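Trainee: Listed below are the residues making up each chain.
There are 2 protein chains.
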Amino acid sequence: MQHTAPSLRTRVRRKPQRGHYDPATIAAIIDTALICQIAFNQGDSVHCLPTACWRVGDALYIHGANNSRLTQTLLDSDCSVCIAHVDGLVMARSAFHHSMNFRSVVIYGRFVAVNAPDEKKTALTAFVEHVSPGRAALVRPPSDAELAGTAVLRLALNEAAAKIRNWGVEDDATDLDIPVWAGVVPLRQHAGQPESDAGAAEFTPTALPEWLIS
Amino acid sequence: MQHTAPSLRTRVRRKPQRGHYDPATIAAIIDTALICQIAFNQGDSVHCLPTACWRVGDALYIHGANNSRLTQTLLDSDCSVCIAHVDGLVMARSAFHHSMNFRSVVIYGRFVAVNAPDEKKTALTAFVEHVSPGRAALVRPPSDAELAGTAVLRLALNEAAAKIRNWGVEDDATDLDIPVWAGVVPLRQHAGQPESDAGAAEFTPTALPEWLIS
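Protein chains in written order, with the numbering used here: chain A, 1192 to 1405; chain B, 1192 to 1405.
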């Protein structure tokens, strides 16, 4: 396990005991994400935009239309990517000690374009498999025109940090007699009842990632 | 309803039919969020950090330790704030037409410090009420020292845009005979069984926001 930050800017300074730098911890947080937020500068502004993401090996992938602002700008400058899951509401006996349990990752670096058709296809297949394991083999694969119109971008995970809070209430000793419920309300993202498109084949319950259904 | 973007940088350019600029739509998306991501520049880097947020009136609020990098830096430069909810996996018959249903808001501007003790108290009370309606009256309110150690920051919502996708599969007509399930798998954030702290009073089921339990 890696205990030190890979760079000064990834070092968790606020509450450093919550910082984690080992690749397995970072990968696990990314692998239960559907979207990330990307901070980048363009023109006179800093921007924060959400986009779908997935991981293959030691890189984060995103995709978009070839002519989109996001995919074009990201190739020209460094960015910061954030993924954050809220796992629980920590309800303390004082307003001050309320908190949230969470798992987050922040990544720094510059995206590179995935241009080789084989790598692009592999990455897009991994995206379909990320949202629905086993599905890539069942759907129509991308046509050459669809592939050409899609930009796939890859960001190395070698400058990343995770931050995790996953414990209970930390009340002041003098507050413990306050007669209010205190504890953690766990939160999770969960799949509901699938809504079938007209004429679709039967839904297969196993076709969702375990972390969305278990 | 406001149909035009409040500024050039908030105009939704990619798929503009998904853009919304009316305050009620923007407020509703913020009001079902627990965290936002903030993009800002500091030193030689752009950063993307998550933090808890809530809304009062026409402003977004965040808080943090008075000596934290985030709260200090944000007062000195413009930022961009993103809130994004993934509402569903849109499973098409082709890999290319897979999509996600989502509601997102992007806000531009500069945070200002909330220094007046009364406004600070009101804002922090609203935060407790946001995560647990009715709870602020039951817990110990912040002491003067706790208030002094907490920075509360406010960002006006007058330069913001929402983007929403909330419909079904859009397959090519030539793909409709592919024998694979297609449709939308709705996703939502949901509260699980509360985990009581030792010695805590009984949990009140109504003490959670409707959007986390219904």
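Hint data in this document are derived by calculation from the structure and do not stem from the laboratory.
Any given hint could be a false lead.
To be verified - With the C-beta cut set under 10 Å, the calculated list includes, among others, these residues of chain A facing chain B:
hint : residue
1    : Val1247
2    : Leu1261
3    : Cys1273
4    : Val1330
5    : Arg1331
6    : Lys1354
7    : Ile1355
8    : Gly1359
9    : Asp1388
Unchecked claim - Okay, derived cross-link-like pairs now, DSSO-like style, lysine-lysine, Cα gap no bigger than 27 Å in a straight line:
hint : chain 1 : residue 1 : chain 2 : residue 2
10   : A       : Lys1312   : B       : Lys1312
11   : A       : Lys1206   : B       : Lys1311
12   : A       : Lys1206   : B       : Lys1206
Please read all numbers here as calculations on a predicted model, not as lab measurements.
Cβ coordinates follow ideal geometry from the N, Cα and C atoms, glycine included.
Trainee: Determine for every hint whether it applies to the structure shown.
Mentor: Checked hints:
1. Because the beta carbon of A:Val1247 sits about 15 Å from the nearest beta carbon in chain B, more than 10 Å, this interface hint is broken.
2. Hint status for A:Leu1261: holds, given a least beta-carbon distance of 8 Å to chain B, under 10 Å.
3. Nearest Cβ of chain B to the Cβ of A:Cys1273: about 4 Å, under the 10 Å cut. The hint holds.
4. Residue-level restraint check for A:Val1330 holds (minimum Cβ-Cβ distance to chain B is 5 Å; threshold 10 Å).
5. Interface hint status for A:Arg1331: upheld, as the beta-carbon distance to the closest one in chain B is roughly 4 Å, under 10 Å.
6. Restraint check, A:Lys1354 versus chain B: the minimum CB separation of about 9 Å is within 10 Å; hint holds.
7. Contact between A:Ile1355 and chain B, as hinted, is not supported at the beta carbon level, the nearest pair being about 12 Å apart and thus beyond 10 Å.
8. Hint status for A:Gly1359 relative to chain B: holds, with the closest Cβ pair at about 6 Å, below 10 Å.
9. With its C-beta approaching chain B no nearer than about 4 Å, A:Asp1388 sits inside the 10 Å limit, and its interface hint holds.
10. Of the pairs offered as hints, the one joining A:Lys1312 and B:Lys1312 is violated, with about 54 Å between alpha carbons and a cut-off of 27 Å exceeded.
11. For a cut-off of 27 Å, the pair hint linking A:Lys1206 to B:Lys1311 stands: about 23 Å separates their Cα positions.
12. Restraint check for A:Lys1206 and B:Lys1206: not satisfied, since their Cα atoms lie roughly 40 Å apart, outside the 27 Å limit.
Of the numbered hints listed earlier, those contradicted by the structure are 1, 7, 10, 12.
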